[in-house]
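Generate coordinates for the entire structure from the input sequences, incorporating the hints supplied.
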Amino acid sequence: MNFVPFFVILPLAAAFLIPLTGKKIKIAGEVASIAATLSLAVLSFLVAALTAAQKALICNIGKWIAPAGIPMIVDGFSIFFLVIINVIAFLVAIYSVDYVKRYTDTWKFFTLFLLMVAGMNGVVISGDIFNLYVCLEIAAIAGYSLVAFDVDAEALEASFKYAVMGAVGSSFMLLGIALLYSYASTLNMADMALSIAGKGASKILPFVSALFLAGFGLKAALVPFHAWLPDAHSKAPTPVSAMLSGLLIKVLGVYALSRIFFNIFGMTPQVSMILIGLAVISMVVASVLAFGQTDIKRLLAYSSISQIGYIALGLGVCTPLSIMGALFHLFNHSIFKSLLFLNAGAIEQSTGTRDLRKMPGIMAISPVTGYTNLIGTMSICGIPPLGGFWSKLIIIFACIQADRPILAFIAAAVSALTLGYYFKAATPILFGSKEYRGINNNIGKRIAITMALPMAALAVLSILSVLILLPDIGRSFLGDAVAVLVRGREWNSAISGAMR
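Residue 248 in the numbering used here sits at position 208 of the sequence shown, and the numbers go up by one each step.
Some clues are possibly wrong.
What the hints assert, rightly or not - Dumping the calculated BS3-like pairs for lysine-lysine here, alpha-carbon to alpha-carbon at most 27 Å: (1) 141 / 464; (2) 201 / 148; (3) 64 / 201; (4) 398 / 464; (5) 141 / 64; (6) 239 / 141; (7) 201 / 66; (8) 141 / 66; (9) 63 / 201.
Claimed, not checked - Per label pair, the in silico range of CB-to-CB distance: (10) 238 / 215: 22 to 30 Å; (11) 463 / 308: 33 to 41 Å; (12) 332 / 453: 44 to 52 Å; (13) 215 / 411: 43 to 51 Å; (14) 237 / 101: 22 to 30 Å; (15) 211 / 452: 35 to 43 Å; (16) 500 / 89: 50 to 58 Å; (17) 53 / 142: 24 to 32 Å; (18) 306 / 61: 42 to 50 Å; (19) 53 / 225: 30 to 38 Å; (20) 59 / 395: 19 to 27 Å.
Calculated from the structure, these hints are not laboratory results.
All C-beta atoms, glycine included, are put in the ideal place defined by N, C-alpha and C.
In structure tokens, the structure reads:
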């Protein structure tokens, strides 16, 4: 159980040490970042094995017993996110080694990067809703700073917009937490759920639910709370874009929203209907807007909004099969969207542009980038037998099983739209635009091995994700995460007793 706090201690310690040594030792940031994220990735697998055996690991900070103390909890849902966060953070840290050479003070980049990782890990293991909020703010503030890291006018504008809208969302969340505390007289999430269940219905709960839907919906970038995302993801440095789209919107949005509405409030038909409505709007609107994009990263940003809609749809339908599909798609999207953003950085480095109208074709310049981009594109489009196909198919079947054929049709139609705009983008990316095809194929330079290896690893994971999660060997990893949400408020009785 003492392993649990290290998910926050390790990245915070590394983030503290980097400024002390970074000015004198140029590679201090790179070494510390890779060492910390590698340790966290290994630790996440170790804790996953312990969680599978014990179902939950609980650490009361300072040995103060709940509800007075601050608990850190790892259950099936937490460890599902911890593995995703720390494996992808490790690969992005390796990719960043060569990418950040364009900056002077690279140690600042890695300090903020590790603070973001620490914040996300803290959100996932927090058993106290106020500390969940504090960790969420640590990750968000690091994200605001990293979006502006290029320090040009467009990056600063995108960061400012992200910060302002993020502050609005945080205000909604903080107000909701304050009202919940006044009602339940505790900040411990397990005790809070038991208190709410014991007191029964109250007029304050629908208002708090609306605050949380708006706050966490903004963090997840569901339409109409999405305005910050296209600018932030497209203007940020490429490793940051991969972290924002692959991890941050899922942890600060999807994880927190799921934990609160499934395990504290209990999913109600009203919240389910609102979540489905936001999901459908996000899927359709973002897909249509993606068709008009000529910048690779901006297209990927709108695609992220659409794919988050699939996850929200699965959670909103709220059956065991739909929840499994939502979490499976979250796993897949974390992998292939991180891969595609890393590809975008490699493409820009090799061709000197992200404009689809001016692409000379990456296959002739960097086959590694080309083939990994093709794999990521096929997975996000739902081409069988890649993981993206199976997770979308499960969500569609879950909608049919829940007697909601219209939702199944919309999900299938949006998948066809996704195939359309990615096919439109894939041709110039891989083979070049008409006016540039066959011209200037030698303008690019080979990407560094530290950039190629993470892309290759993510491409392999995109191919193998269905073998990792769905067969018996991976059923406990995905199944335990689904079980935590399916059990809803029942989860709290076991956790509350274990904390004491």
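Q: Give me the numbers of the hints this structure contradicts, sorted from smallest to largest.
A: 1, 3, 6, 7, 9, 12, 16, 20
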